[in-house]
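Student: As given, the protein sequences belong to chains A and B, one line each in that order.
Under the working numbering, the first residue of the first sequence is numbered 29, with each subsequent residue one higher.
Under the working numbering, the first residue of the second sequence is numbered -1, with each subsequent residue one higher.
Heads up, some of the hints might be wrong.
[Claimed, not checked] Which stretches of chain A does chain B cover? Using the computed rule of at least three CB atoms under 8 Å from a CB of chain B, they are: (1) 30 to 38; (2) 61 to 67; (3) 97 to 109.
[Claimed, not checked] Ranges of calculated distance between the beta carbons of each label pair, as one might list FRET restraints: (4) B:ALA66 / A:LEU96: 15 to 25 Å; (5) B:VAL40 / A:ILE42: 18 to 28 Å; (6) B:VAL14 / A:PHE30: 28 to 38 Å; (7) B:LEU24 / A:ASP112: 39 to 49 Å.
[As the list claims (entries may be wrong)] Heads up, simulated DMTMM-like pairs for lysine to aspartate or glutamate below, C-alpha to C-alpha not over 20 Å straight-line: (8) A:LYS67 / A:GLU88; (9) A:LYS51 / A:GLU88; (10) A:LYS67 / A:ASP87; (11) A:LYS51 / B:GLU82; (12) A:LYS51 / B:ASP81; (13) A:LYS67 / B:ASP67; (14) A:LYS51 / A:GLU37; (15) A:LYS51 / A:ASP76; (16) A:LYS67 / B:ASP34; (17) A:LYS67 / A:ASP112; (18) A:LYS67 / A:GLU37; (19) A:LYS67 / B:ASP29; (20) A:LYS67 / B:GLU82; (21) A:LYS67 / A:ASP81; (22) A:LYS67 / B:ASP31; (23) A:LYS67 / A:GLU48.
Calculated directly from the structure, the hints in this document are not laboratory data.
Just so it is clear, CB atoms sit at the ideal spot from N, CA and C, and this is done for glycine as well.
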Amino acid sequence: MFLARVVGEVVATIKHGDLEAQKLLLVQPVTPGDAAVGKPAIAVDTADAGPGDLVLVADEGNAAAQVLRRARGPIRTVVVGVVDHVELGGDAGFGSVDYARPGQRGERADLRVSLRILRASLRGFAEASGRGRSRMSEVRSREVGEDALRVRSDPWGPRGPAGPVRLGGVRMSQALDVRCARHERAGYREDQP
Amino acid sequence: VLFARVVGTVVCSTRVPAWTGQRTLLLQPTDPDGHDQGRWVVAVDLVSAAPGQRVFYVRGREAANALADPDNPADAAIVGIVDEVRTGAWPARGGA
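Use the sequences and the hints to build the structure in full.
Tutor: This is how it looks when you write it as structure tokens:
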């Protein structure tokens, strides 16, 4: 099974009998840090997933047959769950970049990045600044775990389908790594409602 | 299940009995936008697809299961013809 982001829907009038009355979703496999990896696939939806959902996808015929409660057929890729959140072990938290903007005049930071923390114990937002940096890949944060974070590359981020975010002429969808230093509780700004 | 475009027909006068009456088509795999991607593949056709049409096909053991007699050597089978792929402006989940 793998994690994927629902990026579209496929409509087909003529299809194999086993696919009748099934919702077909276009899913893009992603890393736990929400970076796209590999080719998008078409999956049968059994979890009532919607656009932008992070989902669990099984890509194996027996699993598919079992989930669909039928004999083995030509279906092997099935959405079997909608993911609430993913936790990684150890001290490292991880998240995805919610937004980024150039630093204000007078600030030394060239970039300011808001990180959405997905780790349950650290749920919230943190801001990181890339002092003297010109690339997203060089932005570091003391407040967030050391896992590689990536800019959301799909337009279905938490702020809706707003289209690709631009930052100083650079498309955020270029999905650059944002590596962050080890989490430090002391400096972490809890931002929960 | 992956996207492809039908680029031709493969005609064989002699082949395994399990494939009797089945057409075999030549596919060019594509990405969701329809751009060519990767190497050609020969697939059993179950939906009467025509050259030029966008289709989706299943690979592996499940391709053989698509035929009435699952005891056959197919490793790729066309299981649908693509009408439309909605991305980008796909509306959020509504009242349904």
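Student: Hint by hint, which ones does this structure get wrong, listed from lowest number up?
Tutor: 2, 13, 17, 23
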